[in-house]
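Colleague: Sequence:
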Amino acid sequence: MTTSMIVTAVVAFALGCGISFWIKGRIQSQKVKAADDEAARIVDEARRNAESLLKEANVEAKDRLFVMKSEFDTETKETRNELKKRERRLIQKEEHIDQKSAEQEKKEKEFGQRERSITKKEDRLKKSQDQYDQLIEEQKQQLERISTLTAEQAKDLLLRAMENEARYEGAKMIKRIENEAREEADKKAKMIMSTAIQRYAGDYVAERTVSVVQLPSEEMKGRIIGREGRNIRALEAATGIDLIIDDTPEAVILSGFNPVRREVARQSLSRLISDGRIHPARIEDVVKKVSKELDGVIKEAGEQAAFDLGVHGINGELVKYLGRLKFRTSYAQNVLQHSIEVGFLCGIMANELGLKSKVARRMGLLHDIGKAIDHEVEGPHAVIGSKLIKKYGESEQVVHAVGAHHEDIPPTSVYDLLVQAADSLSGARPGARKELLENYIKRLEDLEGIANAMGGVDNAYAIQAGRELRVIVESAKVSDEDAVLMSRDIVKKIEESMTFPGQIKVTVIREMRAVEYANK
1 MTTSMIVTAV VAFALGCGIS FWIKGRIQSQ KVKAADDEAA RIVDEARRNA ESLLKEANVE
61 AKDRLFVMKS EFDTETKETR NELKKRERRL IQKEEHIDQK SAEQEKKEKE FGQRERSITK
121 KEDRLKKSQD QYDQLIEEQK QQLERISTLT AEQAKDLLLR AMENEARYEG AKMIKRIENE
181 AREEADKKAK MIMSTAIQRY AGDYVAERTV SVVQLPSEEM KGRIIGREGR NIRALEAATG
241 IDLIIDDTPE AVILSGFNPV RREVARQSLS RLISDGRIHP ARIEDVVKKV SKELDGVIKE
301 AGEQAAFDLG VHGINGELVK YLGRLKFRTS YAQNVLQHSI EVGFLCGIMA NELGLKSKVA
361 RRMGLLHDIG KAIDHEVEGP HAVIGSKLIK KYGESEQVVH AVGAHHEDIP PTSVYDLLVQ
421 AADSLSGARP GARKELLENY IKRLEDLEGI ANAMGGVDNA YAIQAGRELR VIVESAKVSD
481 EDAVLMSRDI VKKIEESMTF PGQIKVTVIR EMRAVEYANK
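Numbering (my numbering), first residue to last: 1 to 520.
Just so you know, not all the hints are guaranteed correct.
[Said to hold, decoys possible] Quick list of in silico lysine-lysine cross-link-like pairs, DSBU-like style, CA-CA up to 30 angstroms:
hint, residue 1, residue 2
1, LYS155, LYS299
2, LYS155, LYS140
3, LYS299, LYS221
[Unchecked claim] Simulated restraints, written as ranges between beta carbons of each label pair:
hint, residue 1, residue 2, range
4, ARG230, THR412, 55 to 61 angstroms
5, ASP156, THR412, 40 to 46 angstroms
6, ARG230, GLY379, 38 to 44 angstroms
Simulated from the structure, these hints should not be mistaken for laboratory data. Glycine residues also receive a C-beta, built at the ideal position from the N, C-alpha and C atoms.
Working from the sequences, and respecting the hints, build out all of it.
Modeller: This is the structure in structure tokens:
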């Protein structure tokens, strides 16, 4: 390439660059001018908008000012009206107060006049009272001279007369109240007890303190006795029961106070007779086996009794003591059967009274449990039983009911009285218990003796098998009111000096007889 060509190329390049710069500058100046025009247009438009907004704001401000002024005028007008109304009310109240004030002044004047009038009357009354006191004192002195009694003596005489009259009226009132209460209580008690009896009917099994074992032949008596009596001695030593072998044909009598031991002896002897092998070693084995089996029977009997009554949660040891009552009797009545019946009766009567029947049944079932160990522990069976069940976790309410069912401790709740009533009801039912003739006659004589010891008694009769005492008094010596008090005194003496099942009714009879004879 030549130099001229290079120079030409450089000149052309420089010329191109210059033209390019000139074009860019031209374009840039046009853009600046357009931007200035646009800015001027925007500013002008903003100025016009601002002027428009300002005009609108002025118009809106004027409108709001007009509205606020209208509202202010309205509120001012209402406030003025309200103030006028209050002003009128205040004026009316002031007028009313002025009227009341005038009336009050008038009343004060009237009260002043009345007060002065009352003061004058009080003065006159005081003078009259002094005159009356003087007259009474004079009359009292005259009465003392006439009656030859001082005022204190007359007062004592009057007080004694009033006291006697009050005692007479009190006795009449006591008689009436007791009659009404007794009639109502008798009706209610008879209804509850009859309902309980109707809803429960128990069986009775008569048992004694002896058991009889039948023998297949008379020869068996000799085998039971053994050589030189060693068999009978072994059996008595193992069971603690006396064997009576007498002239009774084909029978051996077992006698003993402990019913469980007597049952062990009866079953053991029956097995020995069936087996035929009777000797001391065999006797001991059979007695041990029967004793173990009987323990199971006792536990089962206690559990069955608790199940029949729906009583749960009794300690296992108490259940065993309860089962032992199956072999215990009282007045020839089976004690376990009696306890079950008392539990049922307690539950029924508790339902009638709106009480807890489960608690009542529990008390009735456990009330005689002390009889299971009363031959081992000294004391009344009720107290023994309460201590026993307390030891095995029974509640204080149940413990107290068991201890109080014969009033060895005083009853404190309705449940205690329910157990007493159910116990007496179970023992008093016909055929439930038996009593020795001597004890029966002695009780009748004691009843009649207590009544005859009272002053004014003509005669006394114990009837209804000793459950009722009728006392005939002399009408000239005993009044109707005294008869009421006498019946209460007889009842107290019977309760203090006698022991008896159930209750004894005391009836004091007083009648006035007028007898005349017509003669010709």
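Colleague: Hint by hint, note whether the structure agrees.
Modeller: Checked hints:
| no. | hint | in the structure |
| --- | --- | --- |
| 1 | LYS155 / LYS299 | violated (76 angstroms) |
| 2 | LYS155 / LYS140 | holds (12 angstroms) |
| 3 | LYS299 / LYS221 | violated (34 angstroms) |
| 4 | ARG230 / THR412: 55 to 61 angstroms | holds (58 angstroms) |
| 5 | ASP156 / THR412: 40 to 46 angstroms | holds (43 angstroms) |
| 6 | ARG230 / GLY379: 38 to 44 angstroms | holds (39 angstroms) |
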